[in-house]
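A.B. asks: Chains as they are written, first to last, in numbering that gives the first Met the number 0: chain A, 0 to 177; chain B, 0 to 134.
No wet-lab data here; the hints were simulated from the structure.
Backbone N, C-alpha and C define an ideal beta-carbon position, used for all residues, glycine too.
Some clues are possibly wrong.
What the hints assert, rightly or not - Footprint (simulated), chain B over chain A, 3 or more residues, beta carbon under 8 Å:
1. 69-83
2. 91-101
3. 105-119
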Amino acid sequence: MHPHDAVLSPIIHAAARDLFGHYVGRMMNVEDIESIQTPAATALLSQPGRTGVIGLTGASLRGTLILFISDRLLKATWSSSGEPSADWIGELANQALGSMKRLLLPHGIDFDLGLPSATSGTNCRIFIRPQSPLYGIHTAKGDAVLCFQYTSQVDLCLSTVANPDDDIPSEDESVILF
Amino acid sequence: MLFSTRWEYMMRQKILIVDDSESVRQQLFEALSVAGFDILQAPNGSAGLDLVQANTDISLIFCDIHMPVMNGLSFLEAVSKLHRPSLSVLMLTAERAPDMIAQAKKLGAKGWLKKPFNVDMIVTTAHKLCPLRAA
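So here's chain A without its partners, still in its complex pose (with noise of 0.2 Å):
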């Protein structure tokens, strides 16, 4: 386990919320996403889905965010009429990665996302490094897993270190009109 995983865990889950309560209709509690091994996310992610990618790069915190979303799940999310579009899944990880920088803005931790990407098919492997934090998702729609492999120079903590004059909205303020 990583040292810094305890004190990444708490965002990890608030994004994932976040993401899952808008998408899937209803709040998540913290008993749906749990930390997971090898061998479960293995499990799960032997499901047909879909997984979107997303690098991340920063002073304190690079590496990559891997969101495997089951068919059933993506699908739920997905509000418009037909299939989902080929390229959703990079956008929920896009989204994802975006919640977890705005939960850490507040404690002095930037970094800049890449550009998504999505896969999908038939043998499609993704390699997830050894020791990296796994999170599954339940819902009663499907599931998804969630990875956030990662390296830090510094030592992370959750401090506030934000500026009071700093004009950071709200998690709960999700229009905001000038």
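Put chain B on the given structure of chain A with help from the hints.
C.D. replies: Relative to the frame of chain A, chain B by itself:
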């Protein structure tokens, strides 16, 4: 003269969606079209700017930040130079960096909408900034 739907006797306002994600554009397109708006789409700021210049009747723009070719803030800056007071721009993004929000505000954006988004919230905001007008 009889009208079969409410929309036929209202002027349909034009909205531009600028986002590199086809899936985001598709979901906004469907929701806003059903709500009675005419929709244009662009996959990046550069293509969006072409549409703004070619369509002087656009009332509202939803714009992502991180896009290839031309990003959302560069697009916003270019649009602000067109001096179109009847045009509102809303940023729709997973970003919440305070310096970016401040820059968008300075460049004339009317608001900042968070991703993950709810299509009902998008439609409500569109109606608020872009009320339907009698023809």
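A.B. asks: Look at each hint and say if it fits the structure.
C.D. replies: For each hint, the structure was consulted:
1. 69-83: Three-residue rule met by the stretch 69-83 of chain A, so holds; n is 5.
2. 91-101: holds (count 7)
3. 105-119: With 3 residues close enough to chain B, the hint holds.
Hint violations for this structure: none, all hints satisfied.
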